[in-house]
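*Asks:* As a plain string of letters, each chain reads:
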Amino acid sequence: MFGLFLAISVSGFMSLLCAQSTPVAEVDTPAIEVKMIQDAEVALPAEFQVALYEDLIQEFQKEGAFREVYRDGDRNAAQSSNVISLFTSVRKFKQGSELERDVTTVAGSTSITVHCQFKAPNGALLLERDIEGKVRLRGDNLKATEDFAKKAAKITPQSLSAEAASSIATVPKASYSPGPGW
Amino acid sequence: MSFQTSRWRLTVIVLFAVLFAASVTPRSIAQQTAVSTDAVQVMGMRGVKNNSKGRLEITEGTLSFKSAKSSATVSVGCIDDVVTGRDSERVLRGPVGTLSMLAPYGGGRALSLMRTKLDTITIKYRDSNGGLHGAIFTLHPGEAEAAKQALLAQGAHTSIPATIGSDSSASPQSEEKEQSR
Chain A
5 MFGLFLAISV
15 SGFMSLLCAQ
25 STPVAEVDTP
35 AIEVKMIQDA
45 EVALPAEFQV
55 ALYEDLIQEF
65 QKEGAFREVY
75 RDGDRNAAQS
85 SNVISLFTSV
95 RKFKQGSELE
105 RDVTTVAGST
115 SITVHCQFKA
125 PNGALLLERD
135 IEGKVRLRGD
145 NLKATEDFAK
155 KAAKITPQSL
165 SAEAASSIAT
175 VPKASYSPGP
185 GW
Chain B
79 MSFQTSRWRL
89 TVIVLFAVLF
99 AASVTPRSIA
109 QQTAVSTDAV
119 QVMGMRGVKN
129 NSKGRLEITE
139 GTLSFKSAKS
149 SATVSVGCID
159 DVVTGRDSER
169 VLRGPVGTLS
179 MLAPYGGGRA
189 LSLMRTKLDT
199 ITIKYRDSNG
209 GLHGAIFTLH
219 PGEAEAAKQA
229 LLAQGAHTSI
239 PATIGSDSSA
249 SPQSEEKEQS
259 R
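Protein chains in written order, with the working numbering: chain A, 5 to 186; chain B, 79 to 259.
This is chain A alone, in the form it adopts within the complex (with noise of 0.2 Å):
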């Protein structure tokens, strides 16, 4: 009778501490907020702008490597725990042409550099990376968005949590601690 009290108990606190400890991984992920691409000295047209800003939402949430992708603006993220920023700002833009690349094949290729800062909720800078997206043969102008999209989504938090971990390492007083599950 005793023993089988014993059982009830031990796996009763077993499954409790599994119910805990569900959760506490999932805060360990960190979320993202995806800002709006900011206004910078190369112009950009609303519809790439657009394009960018949707495309890295679109794949972000298709990588699924932070626990969740918030909008600009969004009040859950304010009230979230552990939500990385993306800025992000225009380099270089270089508008081509569809019509040059079907006929020519070689010109008209539509090019984007974009500089991304990954920063943390205490505004410690991360990462900060150049990322370029191009458009050579086949597609609208707008599909260099798409492939700067896929190459900025590739950067998950792991990576994030190294970078930090070596610019630690280089300058000690860098203030942003990851949490364990980094």
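Read the hints as simulated data drawn from the structure, not as lab findings.
Even glycine gets a Cβ: it sits at the ideal position worked out from N, Cα and C.
Hints should not be assumed to be uniformly reliable.
If you want a taste of the chain B side facing chain A, the calculated C-beta under 8 Å gives, among others [stated by the list, open to error]:
hint	residue
1	Met121
2	Gly122
3	Val161
4	Thr194
5	Lys195
6	Thr198
7	Lys202
8	Arg204
9	Gly208
10	Gly212
11	Ile214
12	His218
What the simulated footprint calls covered on chain A by chain B, stretch by stretch (three residues with Cβ under 8 Å from a Cβ of chain B suffice, anywhere in the stretch; the number is not a length) [claimed, not checked]:
hint	segment
13	75-81
14	131-140
Starting from the structure of chain A, add chain B where the hints point.
*Replies:* Relative to chain A, chain B alone:
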């Protein structure tokens, strides 16, 4: 006596004119602000697949897009920015367009010269949580400006104000972003 009669007549005429104007004006504004046109939703409307054809309607303070399989609605008051542009696309698109590139003697390249012009309209809007969305539509040439006017009349905002009194073919210089794709 005759002076009083003419004055009375004048009053009646003015009264009728005012009543006529009051009855006609709201209808004409409503006609101007309501837009219903065929469009392609390139991206951005929640629940609608990218590059889906459908009907774009701007009426009674809402922008709605209905395709054969799905539909989405946005309150015009939530629209932060509306920008129009111009573009062009291949006549032969999709799998047929890809196969046409394999035509012998440069036939595919000649076919790619056949293009149609189109207008684009780009909107930015906020959802109920304050999250920012962007959507891009392509429309028949000359229809984007009318759609923009309709959105602005119903309470949308824009970063590039439209020129008042301009016809649909003459869009503002700042918005002329002809993309010779």
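*Asks:* Confirm or reject each hint.
*Replies:* Here's how the hints hold up against the structure:
For B:Met121, the interface hint holds, since its Cβ comes within 8 Å of a Cβ in chain A; the closest pair sits about 5 Å apart. Hint on B:Gly122 holds. Least Cβ distance to chain A is approximately 5 Å, under the 8 Å limit. Among the interface hints, the one on B:Val161 holds; its C-beta lies about 4 Å from the nearest C-beta in chain A, closer than the 8 Å criterion. With 8 Å as the threshold, the beta carbon of B:Thr194 stays out of range of chain A, its nearest partner Cβ sitting at about 12 Å, so the hint is violated.
Nearest Cβ of chain A to the Cβ of B:Lys195: about 12 Å, over the 8 Å cut. The hint is violated. A distance limit of 8 Å between C-beta atoms decides the matter here; for B:Thr198 the minimum to chain A is near 6 Å, and the interface restraint holds. A distance limit of 8 Å between C-beta atoms decides the matter here; for B:Lys202 the minimum to chain A is near 7 Å, and the interface restraint holds. The beta carbon of B:Arg204 comes within 7 Å of a beta carbon in chain A, closer than 8 Å, and the hint placing it at the interface holds.
Of the supplied interface hints, the one on B:Gly208 holds, with its beta-carbon coming within about 5 Å of a beta-carbon of chain A, less than 8 Å. The restraint placing B:Gly212 at the interface with chain A holds, with a minimum CB-CB distance near 3 Å, inside the 8 Å limit. Contact between B:Ile214 and chain A, as hinted, is supported at the beta carbon level, the nearest pair being about 5 Å apart and thus within 8 Å. Because the beta carbon of B:His218 sits about 17 Å from the nearest beta carbon in chain A, more than 8 Å, this interface hint is broken.
Closer than 8 Å: that is the beta-carbon criterion, and the segment 75-81 of chain A has 6 residues meeting it against chain B, so the requirement of 3 holds. Taking a C-beta to C-beta cut-off of 8 Å, the segment 131-140 of chain A contributes 0 residues in contact with chain B, too few for the three needed, and the coverage statement is violated.
Hints 4, 5, 12 and 14 from the earlier list are contradicted by this structure; the remaining hints agree with it.
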